[in-house]
Amino acid sequence: KQEVTQIPAALSVPEGENLVLNCSFTDSAIYNLQWFRQDPGKGLTSLLLIQSSQREQTSGRLNASLDKSSGRSTLYIAASQPGDSATYLCAVTDQTGANNLFFGTGTRLTVIP
Amino acid sequence: DAGITQSPRYKITETGRQVTLMCHQTWSHSYMFWYRQDLGHGLRLIYYSAAADITDKGEVPDGYVVSRSKTENFPLTLESATRSQTSVYFCASSSLTYSNQPQHFGDGTRLSIL
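These protein sequence lines map, in sequence, to chains A and B. Quick note on the numbering used here: the first sequence kicks off at 1 and runs consecutively. Quick note on the numbering used here: the second sequence kicks off at 1001 and runs consecutively.
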C-alpha cells in the first residue's frame, strides 16, 4: 500500500523567507502527484499537479518538483506572505486505480508578519 | 454558483442512528469521491463513482453506503453510526481520470457521533 509522508508536520517562518516543504512516497509507480492547500474549516484547493513524466511545475511563487525514482517531491514557496499560512497536503495517484488518491498528513505553515 | 457544495456543514448524532451527508456539484463532472479526514491519518478514500449508477469502494468503505442516481449528486449514508465514524467528510469531483485534471473539493461536513 502506498504511504505518503510529509515533513515537517509544522513550520513557522518570518514573512519574506523562501521555504521548502517535503513529501515522500513509498511506491514510485505513481501516475501523478498533487499539492493542495487547506485553510482552517475549508476544503482542499489544488495548487499544482505534476504528471509522472514531468520533473516540475510552477505557478506564480510556487514551484513543485518531482523525483519519482527516489519517491520525493518538494514544494518551494518564494517570498512567503502571511496569506500563505495554511496546511499543505501532497497526494499521489497510483497506477493500480485511477481514482486512488493517497494523501500525506500535511505540513501546517505559519508565516509570521 | 458553480462548484461543489456539501450539506450539512455540521452534524451531531447518536450511535446507531442513520445519517446522510449530501454532495452536489454543478460542473457535470463524471467522477465523484468521498473522503474522511482524521488526525494522524490524513484523507482516506471511502467510495467513489465514475458515473451515474456506477460506484466502487475505496480504502475505508465499511459502514458506509453511497448511491448516484444523478450525475450531480453523490450522497453518503452511515446506516448505523458508530463513534469511530466521527470525522470530517469531504466530497470531491473531477472531470476525468488518468488525466491532468485535479479533484475539486467541497468545504466538508464535520460529523460528531456521541
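Calculated from the structure, these hints are not laboratory results. Hints should not be assumed to be uniformly reliable.
[As the list claims (entries may be wrong)] FRET-style restraints, in silico, Cβ to Cβ: (1) A/D39 to B/P1008: 32 to 42 Å; (2) B/H1041 to A/Q95: 18 to 28 Å; (3) A/S12 to B/P1008: 33 to 43 Å; (4) B/D1038 to A/S12: 16 to 26 Å; (5) B/D1062 to A/G83: 35 to 45 Å; (6) B/D1056 to A/Q81: 33 to 43 Å.
[As the list claims (entries may be wrong)] Here are the simulated BS3-like cross-link-like pairs (lysine-lysine), alpha carbons at most 27 Å apart as the crow flies: (7) B/K1011 to B/K1057; (8) B/K1057 to B/K1070; (9) A/K1 to B/K1011; (10) B/K1070 to B/K1011; (11) A/K1 to B/K1070; (12) A/K68 to A/K1; (13) B/K1070 to A/K68; (14) B/K1057 to A/K42.
We treat Cβ as the ideally placed atom computed from N, Cα and C, and that holds for glycine.
Here's how the hints hold up against the structure:
no.: 1; hint: A/D39 to B/P1008: 32 to 42 Å; in the structure: violated (20 Å)
no.: 2; hint: B/H1041 to A/Q95: 18 to 28 Å; in the structure: holds (23 Å)
no.: 3; hint: A/S12 to B/P1008: 33 to 43 Å; in the structure: holds (34 Å)
no.: 4; hint: B/D1038 to A/S12: 16 to 26 Å; in the structure: holds (24 Å)
no.: 5; hint: B/D1062 to A/G83: 35 to 45 Å; in the structure: holds (40 Å)
no.: 6; hint: B/D1056 to A/Q81: 33 to 43 Å; in the structure: holds (41 Å)
no.: 7; hint: B/K1011 to B/K1057; in the structure: holds (24 Å)
no.: 8; hint: B/K1057 to B/K1070; in the structure: holds (18 Å)
no.: 9; hint: A/K1 to B/K1011; in the structure: violated (32 Å)
no.: 10; hint: B/K1070 to B/K1011; in the structure: holds (24 Å)
no.: 11; hint: A/K1 to B/K1070; in the structure: violated (32 Å)
no.: 12; hint: A/K68 to A/K1; in the structure: holds (16 Å)
no.: 13; hint: B/K1070 to A/K68; in the structure: violated (38 Å)
no.: 14; hint: B/K1057 to A/K42; in the structure: holds (25 Å)
Checked against the numbered hints given earlier, the structure breaks hints 1, 9, 11 and 13 and satisfies all the rest.
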